[in-house]
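*Asks:* The lines below spell out each chain.
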Amino acid sequence: AQSVTQLDSHVSVSEGTPVLLRCNYSSSYSPSLFWYVQHPNKGLQLLLKYTSAATLVKGINGFEAEFKKSETSFHLTKPSAHMSDAAEYFCVVRVNTGTASKLTFGTGTRLQVTL
Amino acid sequence: DAGITQSPRHKVTETGTPVTLRCHQTENHRYMYWYRQDPGHGLRLIHYSYGVKDTDKGEVSDGYSVSRSKTEDFLLTLESATSSQTSVYFCAVATSGGLKADTQYFGPGTRLTVL
Chain A
1 AQSVTQLDSH VSVSEGTPVL LRCNYSSSYS PSLFWYVQHP NKGLQLLLKY
51 TSAATLVKGI NGFEAEFKKS ETSFHLTKPS AHMSDAAEYF CVVRVNTGTA
101 SKLTFGTGTR LQVTL
Chain B
1 DAGITQSPRH KVTETGTPVT LRCHQTENHR YMYWYRQDPG HGLRLIHYSY
51 GVKDTDKGEV SDGYSVSRSK TEDFLLTLES ATSSQTSVYF CAVATSGGLK
101 ADTQYFGPGT RLTVL
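In order, the protein sequences belong to chains A and B.
For what it's worth, the working numbering labels the leading residue of the first sequence as 1, then goes sequentially.
For what it's worth, the working numbering labels the leading residue of the second sequence as 1, then goes sequentially.
The hints are simulated quantities; they were obtained by calculation from the structure and are not laboratory data.
Heads up, some of the hints might be wrong.
[Claimed, not checked] Cross-link-like lysine to any residue pairs, in silico, SDA-like; alpha carbons within 20 Å at most:
(1) LYS49/A / ASP102/B
(2) LYS11/B / GLY43/A
(3) LYS69/A / THR5/A
(4) LYS102/A / VAL52/B
[What the hints assert, rightly or not] What the simulated footprint calls covered on chain B by chain A, stretch by stretch (three residues with Cβ under 8 Å from a Cβ of chain A suffice, anywhere in the stretch; the number is not a length):
(5) 78–87
(6) 103–113
All values reported here derive from a predicted model rather than from experimental measurement.
In this text, a Cβ means the ideal position worked out from N, Cα and C, and glycines have one as well.
Can you build the whole structure from these sequences, using the hints too?
*Replies:* Next up, the structure:
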C-alpha cells in the first residue's frame, strides 16, 4: 500500500525566513507525489507535482520540492516565508488503479508565519 | 478553479434525515471524486466516478451512496445522516485516470453538521 507521513503537524516560522515542510512516502512503485495547500475555509489548491520527470519540482508562489528516492522523501521548501503562506499543507501520493487514480493524503502540516 | 461548484456550501441537519450534496462541473471532466476532511485524517476518498453511471467505492464509503446521471453532476447521498458524518466534503475532478491519471482539482467544499 502507498502512504505518506507528514512529520510535523505544526510549523511556525518568521516572515522572511526559510520554510521546510517534511514528507516521507511509502510506495511499492515509482510514485506520483503532490503538495496541496488549503487556506482557511477554502478548497485545496495544487502547489506542485512530481510524476517521475525532474526530481526538483518547482511550484507556484516560490515553493519547490525535491524527490529523493534513497530517503523516500518529498520535502516542501521555500526560501523566504510570506504572511500569505500561512495555511495547511498536504502531502499526497497517487495510486493509479484500473478505473481511476486515488489520492492518499497525509494528515497535514499547519504553517504559521509570524512577523 | 476547474469550473467546480458544490451545493449547498453549508448545511445543518438532524440525525436520521437524508442529505444530498451536489458537485457540478463545467469542463467535461470524465473523473469525479468525493472526499471528506476530518481533523487529523487529511482527506479520505468516499466514492468516485469514472464516467456516466460508472462509480466505485473509496476507503470510507459506508453510509454513503453516489449517482452520476450526466457528465457534469456527481451527487453524494447520506441515506440516514449520523453525527459521525459531520465533516467537510470536497468534490474533485480529473480529466484522465487509471495509468494515465491527471491532476485532481478540488471544489470549494461543503460543511455538513449533523445534530
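*Asks:* Confirm or reject each hint.
*Replies:* These are the hints, each one checked on the structure:
1. For the given pair, LYS49/A sits about 11 Å from ASP102/B by alpha-carbon distance, which is consistent with the 20 Å threshold.
2. A hinted pair counts as satisfied when its Cα atoms are at most 20 Å apart, and LYS11/B with GLY43/A qualifies at roughly 17 Å.
3. Between LYS69/A and THR5/A, the direct Cα distance comes to roughly 15 Å. Compliance with the 20 Å bound is thereby established for this hinted pair.
4. For a cut-off of 20 Å, the pair hint linking LYS102/A to VAL52/B stands: about 18 Å separates their Cα positions.
5. Counting residues of the region 78–87 of chain B whose beta carbon lies closer than 8 Å to any beta carbon of chain A gives 0, which falls below the threshold of three, so the coverage claim is violated.
6. Closer than 8 Å: that is the beta-carbon criterion, and the region 103–113 of chain B has 7 residues meeting it against chain A, so the requirement of 3 holds.
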